[in-house]
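All chains should be built: construct the whole structure from the sequences, respecting the hints.
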Amino acid sequence: MYVAVKGGERAIDNAHAWLAEERRGDPSVPELSIAQIREQMTLAVNRVMAEGSLYDPDLAALAIKQARGDLIEAIFLIRAYRTTLPRLGNSRPVETTAMACDRRISATFKDLPGGQILGPTFDYTHRLLDFKLAAEGEPPQDAPQRPPEAGDVPHVTGFLNREGLIEEAPADDTPPPDLTREPLELPAERALRLQALARGDEGFVLSMAYSTQRGYGRNHAFVGELRIGAVSVEMDIPELGFAIEIGDITLTECETVNQFTGSKTEPPQFTRGYGLVFGQTERKAISMALVDRALRWEELGEDFTGAPAQDAEFVLSHADNIQATGFLEHIKLPHYVDFQSELELVRKLRREVAERAEAANTSRQEAAE
Amino acid sequence: MTDQAYNFAYLDEQTKRMIRRAILKGLAIPGYQVPFASREMPMPYGWGTGGVQVSAAVLTPEDRFKVIDQGADDTTNAVSIRNFFRRTAGVEVTTETTAASVIQTRHRIPETTLKEGQILVYQVPIPEPLRFLEPRETETRKMHSLEEYGLMHVKLYEDISRHGHIATAYAYPVKIEGRYVMDPSPIPKFDNPKLTDCPAIQLFGAGREQRIYALPPYTTVVSLDFEDHPFEASRADHPCGLCGATDSYLDEVITDDAGGRMFVCSDTDYCEARQAQGHRGKDAA
Chain A
1 MYVAVKGGER
11 AIDNAHAWLA
21 EERRGDPSVP
31 ELSIAQIREQ
41 MTLAVNRVMA
51 EGSLYDPDLA
61 ALAIKQARGD
71 LIEAIFLIRA
81 YRTTLPRLGN
91 SRPVETTAMA
101 CDRRISATFK
111 DLPGGQILGP
121 TFDYTHRLLD
131 FKLAAEGEPP
141 QDAPQRPPEA
151 GDVPHVTGFL
161 NREGLIEEAP
171 ADDTPPPDLT
181 REPLELPAER
191 ALRLQALARG
201 DEGFVLSMAY
211 STQRGYGRNH
221 AFVGELRIGA
231 VSVEMDIPEL
241 GFAIEIGDIT
251 LTECETVNQF
261 TGSKTEPPQF
271 TRGYGLVFGQ
281 TERKAISMAL
291 VDRALRWEEL
301 GEDFTGAPAQ
311 DAEFVLSHAD
321 NIQATGFLEH
331 IKLPHYVDFQ
341 SELELVRKLR
351 REVAERAEAA
361 NTSRQEAAE
Chain B
1 MTDQAYNFAY
11 LDEQTKRMIR
21 RAILKGLAIP
31 GYQVPFASRE
41 MPMPYGWGTG
51 GVQVSAAVLT
61 PEDRFKVIDQ
71 GADDTTNAVS
81 IRNFFRRTAG
91 VEVTTETTAA
101 SVIQTRHRIP
111 ETTLKEGQIL
121 VYQVPIPEPL
131 RFLEPRETET
141 RKMHSLEEYG
151 LMHVKLYEDI
161 SRHGHIATAY
171 AYPVKIEGRY
181 VMDPSPIPKF
191 DNPKLTDCPA
201 IQLFGAGREQ
211 RIYALPPYTT
221 VVSLDFEDHP
231 FEASRADHPC
241 GLCGATDSYL
251 DEVITDDAGG
261 RMFVCSDTDY
271 CEARQAQGHR
281 GKDAA
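From first to last, the protein sequence lines are chains A and B. All the letters of the first sequence, read from the start, carry residue numbers 1 to 369 under full-length UniProt numbering. All the letters of the second sequence, read from the start, carry residue numbers 1 to 285 under full-length UniProt numbering.
Careful: at least some of the hints might be erroneous.
[Said to hold, decoys possible] No more than 27 Å apart at the CA atoms, straight line, and that leaves these computed lysine-lysine pairs for DSSO-like:
#1 A:348 x B:175
#2 B:16 x B:115
#3 B:175 x B:142
#4 B:155 x A:348
#5 B:142 x B:25
#6 B:282 x B:155
#7 B:282 x A:348
#8 B:155 x B:175
#9 A:65 x A:332
If you are wondering where the hints come from, they were derived from the structure by calculation, not from laboratory data. Please read all numbers here as calculations on a predicted model, not as lab measurements.
In structure tokens form, the structure reads like this:
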């Protein structure tokens, strides 16, 4: 006797209770605090802030804790929260020239005004597991410090610009479109493409960028400059009539200098790719700059070679991991109805094939007799 | 989440206004896909965020809300969405098709004929009927505006020449008032005849794809076909094992590992109502 499946509600409640238990893990092991995640899983926090499009390290840390370390799930929690927040207004554009740089490197010049600052990077660590960390020992020794240099750190691309060697990037005060408040419309202008890339999945943007390096839309990128540090956010307060600083955020900015031999419309000169991402997220920022440059083929008069990274509709439609994971994972939801209709169709087609074969067989036999 | 922390039916009023404008535009141009600024919802894309946003925009405190998934009120996602609105909107909920003023559905149209004043909200994964023939949105929008549907007819024709039938069993394309070709969402083609001349308002929400489209009451909806290969609504050739219905869409349920199976109504409300009236199928207790 068949009993229709009931109790979906109880199953959901019980599943949630089990999930909460699994999230906590062994209760004899001390619970993680938000501060611990924020301070010691900083790069995970940064990724969640960047792709969640919300700069709040504490909320990002909370999301990571709630998501059991699944960063895409954490990004989703932040996005769903962010979309409910009222918009108080717009800040002024942040000024990265005034960044207090923790790291600033150029791959195009050995030395330059403002200097090369290696900063807290994995770049030259030897990737040997450090078993001392497993022992939960003493805090590391203080790193040597030098006094911060006063004044702005000029952008490398500015030096090239003086000789006219790199394409102009004139200031533009047009308010950028807002992907989170307007549906994505194609073709998308550069501001919108950059916005989509900034919140796009790190893995996806990385692979797209990598594909350009391997020849699918190659654009010969040099890291003109990569800088990481805090910038102040200023907002115009109408009641005051001037802008005040409302806080600091850490950003990673990457400007690539790309070789360009000229096209029908543009003279030979270097061209630009740009990446700007919340937090210390340099893999993402470099990737973003490469993909940005690849997507600019049309405005620079280059040929479309059919490379995926050149195809704005392809890149922008598939960069968002919350959309991607939702649609991918939804196929585990019930599809009984559609599957049933396919079953009926396949059975019918097979029946007809069998009938035809049988009819052919019979007529052959009759012909033989 | 404290329920008071959010607006009625979760979305803020500005967002609802934006969605209502898209719905009104959709109703004014039946079958046309209206882009809208879909929000991130507290459930994943693919779980019905489009339908949920449309429901949130049309629900009023006086509404009585029903949610079905695969025709059933008790599938986990239907339970989850119903609870979401019970919590955030405090509306009355029901499983009875006739008692509901707003019905959100995934993959089915209820068997019971809908009536004037009701709203049926469909969850839509891929709103573009031409998508699997042409992946680019920029191209398909052009094809719709030029009413260039030759590609779709060629596809259906190729199906017939290859298989003897149109090999589309669900999400079967329809033409609205002789103009737009529309994806009716992944309902089985058995449900297609219920789309036309329907007294209820039919709204379609695709959250991830940021599209809303609509059918006002009594819209003419024609399933695409050929004169010599007319459209045919199909179902499993059995009566329901529980209520004996021969006019309902059936789920096939595997009952043992020796090939045993039974067929039961996918619309649980319809099946239960029939059983309450004393109808019995061969597998009923």
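Hint by hint, here is what the structure shows:
| no. | hint | in the structure |
| --- | --- | --- |
| 1 | A:348 x B:175 | 26 Å, holds |
| 2 | B:16 x B:115 | 25 Å, holds |
| 3 | B:175 x B:142 | 17 Å, holds |
| 4 | B:155 x A:348 | 20 Å, holds |
| 5 | B:142 x B:25 | 19 Å, holds |
| 6 | B:282 x B:155 | 41 Å, violated |
| 7 | B:282 x A:348 | 24 Å, holds |
| 8 | B:155 x B:175 | 15 Å, holds |
| 9 | A:65 x A:332 | 25 Å, holds |
Of the numbered hints listed earlier, the single one contradicted by the structure is hint 6.
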